[in-house]
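The task is simple: from the sequences and hints, build the whole structure.
Chain order of the listed sequences is C and G.
Letter by letter, the first sequence follows residues 118 to 399 of the working numbering.
Letter by letter, the second sequence follows residues 236 to 627 of the working numbering.
Simulated from the structure, these hints should not be mistaken for lab results.
Glycine included, every Cβ here is placed at the ideal spot set by N, Cα and C.
Incorrect hints may have been included.
Heads up, simulated SDA-like pairs for lysine to any residue below, C-alpha to C-alpha not over 20 Å straight-line [stated by the list, open to error]:
1. C:333 with G:279
2. C:333 with C:272
3. C:166 with C:153
4. C:333 with G:277
5. C:333 with G:621
6. G:275 with C:265
7. G:579 with G:545
8. C:391 with C:379
9. G:275 with C:332
10. C:168 with C:132
11. C:333 with C:376
12. G:275 with C:273
13. G:275 with C:153
14. G:579 with G:520
15. G:275 with C:276
16. G:275 with C:335
17. C:375 with C:315
18. C:347 with C:372
19. G:275 with C:272
20. C:375 with C:284
21. C:347 with C:336
22. G:621 with G:590
23. G:275 with C:275
24. G:275 with C:274
25. G:275 with C:266
26. G:275 with C:254
27. G:275 with C:271
28. G:621 with G:557
29. G:275 with C:262
Just some of the chain G residues that point at chain C, by a computed CB distance under 8 Å [claimed, not checked]:
30. 271
31. 288
32. 291
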Amino acid sequence: MKDVDVLDDFDIEDYIRQDQMPHFLCPGCGHGIALRALMWAIHDLAIPKDKLAVVSGIGCSGRLSGYVDASTFHTTHGRPLAFATGLALARPDLHVIVISGDGDCLAIGGNHMIHSCRRNLNMTCMMLNNEIYGMTGGQVSPTTSSDRFTTTTPAGNTEPVFDACALAAAAGASFVGREVTLQILALRELLRDAIANDGFSFVEVISDCTEIYGRKNDLGASPEMMMSQKSSMRPFAYRNTVDVPFRPTGLKTGVLAKTDRPEYGKAYRAMTEKLRGKKGRG
Amino acid sequence: MREALEGSQAIARAVSLCEPDVVAAYPITPQTHIVENLSKLVADGDLHTEFVSVESEFSAASVALGAAAAGARAYTATASQGVLLMAEVLFNIAGLRLPMVMTVANRAVSAPLSIWNDHADSMAVRDSGWIQLHAASNQEAVDTTIQAFRITQQTELPVMVCMDGFILTHTMEPIDLPSIDEVRAWLPPLEFDRQLDPEDPRSVGMLVTPDFFPEVRHSHHTAMRKSLEVIETTDADFAQAFGRASGGLLTVEGDVTARVGIVAMGSTVGTLQAGMAHYAAEAAGPALLIKLRSYRPFPARALRDAVRGLDTVIVIDRAISPGMGGILGTEVAAVLAGMPDAPKLVNHALGLGGRDIPETIYSDLLAAIRDPDAPAFSVFDADMEKLPPEDR
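Printed below as a string of structure tokens:
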């Protein structure tokens with residue numbers, strides 16, 4: 118694996134629809150950094166735009182697909198992985214990327230998430246975890262940290278959080294990783310390897326919702342939130358799991374699972390070929 | 236005492252006055268403020284309820300179903316995609332004849348994605364067997380919510396209170412909220428004798444064979460027809476207790492000498508009232524405004540009485556059944572069929588996906604009936620110039 122070339126010829130403007138600017142993200146939101154890292158990884162892998170499909174659901178994360186200058190699909194809430202499953206099966210030649218959020222992926226779409234991991238179909242899910250339903254004004258989500266204030270937990274959150282990566286690994290995703298937005302170069306590399314992985318890749322990006330979640334919980338402005346999310350400055354070190362959890366919730370960054378499970382699309386196509394052969398049809 | 240409240244906030248306060256045992260909801264625009272306000276009332280210690288932040292609308296409805304089956308006073312609220320995601324459970328709740336109340340902050344249904352108001356969401360579950368009441372103002376929404384808890388207890392039919400998203404939910408209005416003692420005196424405690432009880436075990440939701448299924452559906456339909464009277468008397472009772480009615484099954488206002496009637500539901504009625512006040516004396520002329528509050532059960536007899544003697548009835552839909560036309564319009568046509576000297580029916584969809592309905596619509600609608608070439612149904616405010624010729 119080559120080291121990341123910081124000073125390469127990547128230009129985000131080549132990958133973003135300029136007619137969709139200005140974007141709708143709030144100042145300080147981490148989602149833009151994640152989108153940049155994703156586009157950078159796609160640039161690194163030299164994926165042509167006509168071989169790229171970006172699928173998203175509903176929420177702040179859901180709006181990102183519309184900014185990408187490729188074939189993009191803004192689906193219904195919680196369903197991007199289900200849509201992407203059909204897409205990836207029908208068009209195995211495409212690089213299918215799903216952009217989802219903690220609510221979209223783990224709450225309303227949780228069922229699709231675990232079955233996507235189990236199936237191990239070739240696609241990459243980038244889940245932006247900002248611990249909140251930002252789009253609807255800041256309600257509690259399955260990743261809202263304990264005791265944090267949201268508009269539906271005005272006395273503090275009492276529910277335990279999901280460890281999305283542990284869930285993905287347990288459910289069978291063949292590549293699982295997590296990174297914070299501050300480590301954009303590490304995130305770029307993590308996403309690059311996730312997309313290159315032949316199977317279902319799950320990448321959790323710890324993003325920050327400064328405007329709603331940060332403000333309501335007195336977490337400071339975006340730089341403070343991002344600094345508190347990182348464990349240490351590890352610009353190129355994503356491949357090694359950080360042993361010291363970077364948050365009280367005990368989440369770790371880096372590659373958290375990598376297995377050689379068979380990719381589902383290949384198994385499906387092999388079966389299809391076999392059945393076609395049986396009837397003597399081409 | 237009147238307070239300036241946002242529609243959603245007022246609904247949360249009204250729900251709180253009815254002291255539900257369980258509230259479950261999932262965020263969706265434009266409903267979210269209702270449950271946000273409810274969670275704040277719980278956090279502030281003003282409302283003692285089990286507030287469950289669930290993982291989807293499907294779960295919200297399911298939690299409410301479970302709570303109702305256990306004999307709890309249950310409440311949920313949603314809109315748009317949330318209503319559709321709940322659809323399976325909504326049919327279950329109604330089919331099981333479980334009492335509960337739900338607010339629908341009416342919003343268009345995707346695709347194309349729209350967060351703005353129309354009635355496609357509640358219309359999509361029209362046949363689920365829920366009572367559906369439409370509020371024309373925030374005061375009506377508040378009063379109807381309180382009434383809904385009593386109606387659902389009396390009829391064992393779940394009640395959906397529909398209020399237009401943003402137009403009502405996000406609008407400040409002076410609201411008169413009763414005191415909790417007044418509501419306690421008016422709303423009897425929930426007594427549900429089919430509740431799940433470990434002391435007297437029973438099964439809920441079992442398979443019903445063709446030997447009994449038609450009877451179950453028939454009795455549900457009968458209960459809905461009978462609920463017409465309950466809706467009317469509950470509103471009358473409420474008016475007696477609180478000095479204010481919400482419009483029973485439907486109300487008629489305007490010039491009794493008018494030859495034209497306009498049938499509408501929800502906030503459109505307010506727009507038409509304003510338009511009528513400004514333009515009825517001008518070229519537009521007078522009209523009778525028929526505000527339909529009870530959409531399910533459908534008050535067929537009351538509507539026939541309201542339109543009897545009119546030359547023309549204009550029915551305003553805020554939803555469309557593609558391939559047929561207006562949904563409410565189609566139903567009004569069915570109700571008028573066979574009526575001696577039935578008025579001519581004109582049906583228009585208006586304000587789909589949040590298209591603003593101006594007060595001048597009153598004059599435009601009345602002017603349009605003079606056009607002999609006008610189609611029986613139209614999306615009245617669609618701008619044909621925006622469409623390619625083949626789609627016009």
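Verification of the supplied hints:
1. Restraint check for residue 333 of chain C and residue 279 of chain G: satisfied, since their Cα atoms lie roughly 17 Å apart, inside the 20 Å limit.
2. Proposed proximity of residue 333 of chain C and residue 272 of chain C is supported: the alpha carbons are some 12 Å apart, at most 20 Å.
3. Taking the CA atoms of residue 166 of chain C and residue 153 of chain C, the gap is about 15 Å. The hint holds against a cut of 20 Å.
4. Of the supplied pair hints, the one linking residue 333 of chain C and residue 277 of chain G holds, its CA atoms being roughly 18 Å apart against a limit of 20 Å.
5. Only pairs whose Cα atoms come within 20 Å are accepted, and residue 333 of chain C paired with residue 621 of chain G is rejected, the gap being roughly 43 Å.
6. For a cut-off of 20 Å, the pair hint linking residue 275 of chain G to residue 265 of chain C stands: about 14 Å separates their Cα positions.
7. Using a Cα cut-off of 20 Å, the hinted pair residue 579 of chain G and residue 545 of chain G holds, with the two alpha carbons roughly 8 Å apart.
8. A distance of roughly 18 Å separates the Cα atoms of residue 391 of chain C and residue 379 of chain C; the hinted pair therefore holds under the 20 Å criterion.
9. Using a Cα cut-off of 20 Å, the hinted pair residue 275 of chain G and residue 332 of chain C holds, with the two alpha carbons roughly 18 Å apart.
10. A hinted pair counts as satisfied when its Cα atoms are at most 20 Å apart, and residue 168 of chain C with residue 132 of chain C qualifies at roughly 13 Å.
11. Proximity of residue 333 of chain C to residue 376 of chain C is assessed by CA-CA distance (about 40 Å); at most 20 Å being required, the pair is judged violated.
12. The suggested pairing of residue 275 of chain G with residue 273 of chain C holds, with an alpha-carbon distance near 11 Å, which does not exceed 20 Å.
13. For the proposed pair residue 275 of chain G and residue 153 of chain C, the alpha carbon gap of about 37 Å is over 20 Å, so the pair is violated.
14. This hinted pair checks out: residue 579 of chain G and residue 520 of chain G have alpha carbons roughly 18 Å apart, not beyond 20 Å.
15. Between the alpha carbons of residue 275 of chain G and residue 276 of chain C the distance comes to roughly 17 Å, so the proposed pair stays at or under 20 Å and holds.
16. Straight-line distance between C-alpha atoms of residue 275 of chain G and residue 335 of chain C comes to about 19 Å, which keeps the hinted pair within the 20 Å bound.
17. Taking the CA atoms of residue 375 of chain C and residue 315 of chain C, the gap is near 11 Å; set against the 20 Å cutoff, the hint holds.
18. Our distance criterion of 20 Å between C-alpha atoms is met by residue 347 of chain C and residue 372 of chain C, whose separation comes to about 15 Å.
19. As the CA atoms of residue 275 of chain G and residue 272 of chain C are separated by approximately 8 Å, the hinted pair is consistent with the 20 Å bound.
20. Pair hint residue 375 of chain C plus residue 284 of chain C holds up; C-alpha atoms about 14 Å apart against a cutoff of 20 Å.
21. This hinted pair checks out: residue 347 of chain C and residue 336 of chain C have alpha carbons roughly 14 Å apart, not beyond 20 Å.
22. Between residue 621 of chain G and residue 590 of chain G the CA atoms are separated by roughly 14 Å; this keeps the pair inside 20 Å, and the hint holds.
23. Our distance criterion of 20 Å between C-alpha atoms is met by residue 275 of chain G and residue 275 of chain C, whose separation comes to about 15 Å.
24. Restraint check: the Cα-Cα separation between residue 275 of chain G and residue 274 of chain C comes to about 13 Å, which is no more than 20 Å; the hinted pair holds.
25. Distance restraint check for residue 275 of chain G and residue 266 of chain C: the Cα-Cα separation of roughly 11 Å lies within the 20 Å cut-off, and the hinted pair is therefore satisfied.
26. Between residue 275 of chain G and residue 254 of chain C the CA atoms are separated by roughly 14 Å; this keeps the pair inside 20 Å, and the hint holds.
27. At most 20 Å may separate the alpha-carbon atoms for a hinted pair to count; residue 275 of chain G and residue 271 of chain C meet this at roughly 6 Å.
28. At roughly 19 Å between alpha-carbon atoms, residue 621 of chain G and residue 557 of chain G fall within 20 Å of each other, so this suggested pair holds.
29. Simply put, residue 275 of chain G and residue 262 of chain C have alpha-carbon atoms about 19 Å apart, close enough for the 20 Å limit, and the pair holds.
30. Interface hint at residue 271 of chain G: satisfied, since its Cβ lies 4 Å from the closest Cβ of chain C, which is below the 8 Å cut-off.
31. Given the 8 Å rule on beta carbons, the hint for residue 288 of chain G holds: about 5 Å separates it from the nearest Cβ of chain C.
32. Annotation: interface hint on residue 291 of chain G holds; nearest CB of chain C at approximately 4 Å, less than 8 Å.
When the structure is compared with the earlier hints, violations turn up for hints 5, 11, 13 and for no others.
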